[in-house]
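Asks: With the working numbering applied, the sequence shown closes on residue 291, and no number is skipped along the way.
Please keep in mind that the hints were generated in silico from the structure rather than gathered at the bench.
Treat the hints with caution; some may be incorrect.
If you anchor each label on the Cβ, the simulated ranges turn out as follows [as the list claims (entries may be wrong)]:
#1 R188 to W222: 38 to 46 Å
#2 V211 to A239: 40 to 48 Å
#3 L122 to T93: 36 to 44 Å
Just so it is clear, CB atoms sit at the ideal spot from N, CA and C, and this is done for glycine as well.
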Amino acid sequence: MWEIFLKTLPFFAVIGLGFVSGRTRFFSEEATAYLTRFVFYFALSAMIFRFAATLEIGQLLDWTFITAYFTATATVYAIATALSLLRGVTVAEAAVEAQCSVIGNVGFLGIPMLALLMGPDAVAPIIIILSVDLIVFSSLIVILITASRGGGLSPAIFGTVILGLLKNPMIVSVVLGIVWSSWDLPMPAPADEFLTLLGAAATPGALFAIGASLASKSAERLSVAMTISVFKLFVHPAAVALTALVIWPVEP
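All chains should be built: construct the whole structure from the sequences, respecting the hints.
Replies: Here's what the structure looks like:
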């Protein structure tokens with residue numbers, strides 16, 4: 040436990056530095072927005088593409104792990120949605136609360152942190168989790184919110200979902216990386232060095248941006264926030280552990 044704390048401390052120190060910079064206005068909200076855009080569209084995309092391009096298709100199509108993660112997440116999502124609806128909130132609000140209960144900051148926090156801490160072995164599971172989160176659950180929340188506002192399940196909703204996925208640089212990076220890997224294309228040394236250099240900016244940039252963005256946020260509806268936190272930090276991880284280690288055991 041102490042070893043894990045010491046290894047993760049530098050990451051949270053960078054987040055804290057970003058928070059202080061944002062709180063003191065040394066880093067404005069506009070600056071934070073531009074840093075976030077750089078990380079999202081360039082640095083993180085380069086890191087994800089390079090990771091995906093070096094993996095084999097079999098590593099990304101681990102159906103046992105996909106089934107375990109999806110089942111656990113969908114179950115907790117449904118429970119969180121039901122509890123929110125029992126409180127009398129709208130379907131749109133329930134969808135947002137359920138989304139927050141199961142979806143972590145895999146892109147900005149999970150990928151950079153785990154890739155550095157655990158090395159190449161962690162890359163494939165992270166990309167699988169990111170893909171399931173974005174393709175399934177980020178699409179689901181759009182469908183639920185739009186349908187609840189009177190739009191119904193029209194073809195336009197699914198068109199919006201597909202367009203959103205195509206515009207997401209993380210999804211595009213994963214797909215392009217898989218295509219590159221499946222065609223067994225060699226990575227030219229200059230291109231690999233370029234992606235490595237650009238991708239290296241993802242970790243400090245993402246962590247700093249998280250901290251700076253939190254500086255402008257304030258806590259609201261504490262009871263709801265606490266419930267969501269319990270689901271995200273305890274219930275969802277426990278559910279994934281149950282499905283991935285007991286029901287559908289995956290290789291560590």
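Asks: Now tell me if each hint is right for this structure.
Replies: Hints, verified against the model:
no. : hint                     : verdict
1   : R188 to W222: 38 to 46 Å : 43 Å, holds
2   : V211 to A239: 40 to 48 Å : 20 Å, violated
3   : L122 to T93: 36 to 44 Å  : 41 Å, holds
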